[in-house]
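Engineer: Protein chains in written order, with the numbering used here: chain Z, 2 to 321; chain V, -6 to 163.
Think of the hints as simulated: they come from the structure by calculation, not from any bench.
A couple of the hints might just be wrong.
Claimed, not checked - Sample of chain Z residues at the chain V side, in silico, Cβ under 8 Å: (1) 25; (2) 50; (3) 77; (4) 306.
Said to hold, decoys possible - Simulated DEER-style distance windows between Cβ atoms: (5) Z/184 with V/111: 15 to 21 Å; (6) Z/144 with V/6: 24 to 30 Å; (7) Z/165 with V/98: 21 to 27 Å; (8) Z/288 with V/67: 39 to 45 Å; (9) V/35 with Z/21: 43 to 49 Å; (10) V/95 with Z/170: 47 to 53 Å; (11) Z/165 with V/95: 41 to 47 Å; (12) Z/170 with V/25: 45 to 51 Å; (13) V/35 with Z/8: 35 to 41 Å.
All residues carry an ideal CB built from backbone N, CA and C; glycine is no exception.
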Amino acid sequence: MTAPLLPADLESAVDWMVLLSSGSVTAADRARFEQWRLADPRHRAAWEKVNAAVKDSFAALGGGEQRLAAGRALLTPPARRRMLRNALGLALAAGGLAALVDRQTPLRTLAADLRTGTGERRAYTLPDGSELTLNARSAVDLDFSAGERRVRLKAGAVYARVAPDAARPFIVATAEGEVQALGTVFSVAREEEACVVSVVEHLVEVRAGGQRRVLRAGEGLRFDARGLGMPDAMLADAAAWQTGMLVVHDESLGAVVHALQPYRRGIIRITPAAARLRVLGAFPLDDTGRTLESLRQTLPIDVTSLGGWFVSIDLRRASH
Amino acid sequence: MSPSAQPTEHSAAELYEAHHSWLQAWLRRRLGCRHDAADLAHDTFVRVLAGRQTETIREPRAFLTTLAQRTLFTFWRRRELERAYLDSLGALPSATVASEESRALVIEALMHIDRALQRLPLKARQTFLYSQLDGLGYAEIAVRVGVSVITVRRYMKQAITLCVAARLDA
Chain Z
2 MTAPLLPADL ESAVDWMVLL SSGSVTAADR ARFEQWRLAD PRHRAAWEKV NAAVKDSFAA
62 LGGGEQRLAA GRALLTPPAR RRMLRNALGL ALAAGGLAAL VDRQTPLRTL AADLRTGTGE
122 RRAYTLPDGS ELTLNARSAV DLDFSAGERR VRLKAGAVYA RVAPDAARPF IVATAEGEVQ
182 ALGTVFSVAR EEEACVVSVV EHLVEVRAGG QRRVLRAGEG LRFDARGLGM PDAMLADAAA
242 WQTGMLVVHD ESLGAVVHAL QPYRRGIIRI TPAAARLRVL GAFPLDDTGR TLESLRQTLP
302 IDVTSLGGWF VSIDLRRASH
Chain V
-6 MSPSAQPTEH SAAELYEAHH SWLQAWLRRR LGCRHDAADL AHDTFVRVLA GRQTETIREP
54 RAFLTTLAQR TLFTFWRRRE LERAYLDSLG ALPSATVASE ESRALVIEAL MHIDRALQRL
114 PLKARQTFLY SQLDGLGYAE IAVRVGVSVI TVRRYMKQAI TLCVAARLDA
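Given the sequences, and given the hints that come with them, work out the whole structure.
Structural biologist: In structure tokens, the structure reads:
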């Protein structure tokens, strides 16, 4: 199960609640918790919110035996839910078949997050007819109103084929800035503290840090909260993930591993020295085993796998 | 840039007029009860109105069916929880007779928690309820559920996160 993404303060508060509910809390734990709580009014507010979310849910169940009876009812497995959820899940997974999804995607999806799991790339048809593909481990909120169509990219990357609607601009927004379609196919990918936009067809306008710029097909640029980088044709290939490929021109091996990680259930660890190696090429995202093998053949690295779940990459030792 | 086909205009009233009896018949085939079908058709249209996006619906019947399935699911799930709750109340040694009204409130609360935890696997649900309702520590829960303490922690984090997320959505 992928848990929803919470704002950082709330997530910390959740972590504290997990710790404090363990039944084996030490005095030191309590002291550290108090220290965290009092360090910032936002921490206090987050703690209260998390506490209330959990306590209020159960308060209405009453007390004593009645409460336990109610709790036992919650363990009743849903008899029909599985079936319905699967029907809906299948319809969404078939996202490439735009017509089918158009028929099956409830408009309620508009109010909900779209998200993808590890190794999962999915196309959604939005009710305005636009197609949105989410890269693996990506999350977006849709905020469509009469005045605009806003896609909030919370994690990962999206590839948008926008249905024209002059009255409602189509915008992909991130924490760092926003990208507005000017009749268009484009991709926006989040990195650690920056984003990369790549234009495949037509034009987009990118806005960040008080700057704005129109990009055309075949161009890409990197932007962060401080502003826009220079347009760079190399970055246009960053959108290749949509076709299942990772295309890099002189990228660091660290960045390549970062791009592969959402497609791999296990962890890939890379030493800083190996991460600095430069890579050029096109690699399949859906077969990370093959990609790691071809990296091993072309670069001076050792790739060690432990049970398939943990892969370690280091510079090849001299004896080889 | 080619001009897109304009979606058909539907006001909620037109939608109701054109499809209400069809939807009611559809629900009736699934429920086998006319009264329930009428109630659920009503609930489905309440959902349509709450969505306030009727003008962009392209396939009204597919759309209504999707919403009606959710309504059906909620209906069945409420019934399941209600039955399970009444069964476990009945099994109590000192059977307290709760009033109709307080029972309805408890079932509402159960639906609320159930919805928040909908995506949680059964073992994670058990973990969270042992912690919240029985006040057990993680070591004890780990033994009862048959998982490691680390997994108990992970389950707890998932469950609490879902409760918080449900509240943020509300």
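Engineer: Against this structure, judge whether each hint is valid.
Structural biologist: Evaluated hints:
1. 25: Holds, because the Cβ-Cβ distance from residue 25 of chain Z to chain V comes to roughly 6 Å (cut-off 8 Å).
2. 50: 7 Å, holds
3. 77: 4 Å, holds
4. 306: It is violated, given that the least Cβ distance between residue 306 of chain Z and chain V is near 23 Å, above 8 Å.
5. Z/184 with V/111: 15 to 21 Å: Between residue 184 of chain Z and residue 111 of chain V, where Cβ atoms are some 39 Å apart, the hint is violated.
6. Z/144 with V/6: 24 to 30 Å: Given range 24 to 30 Å: holds, Cβ gap about 27 Å.
7. Z/165 with V/98: 21 to 27 Å: 50 Å, violated
8. Z/288 with V/67: 39 to 45 Å: 41 Å, holds
9. V/35 with Z/21: 43 to 49 Å: This hint holds: roughly 45 Å between Cβ atoms.
10. V/95 with Z/170: 47 to 53 Å: 51 Å, holds
11. Z/165 with V/95: 41 to 47 Å: 55 Å, violated
12. Z/170 with V/25: 45 to 51 Å: 49 Å, holds
13. V/35 with Z/8: 35 to 41 Å: 38 Å, holds
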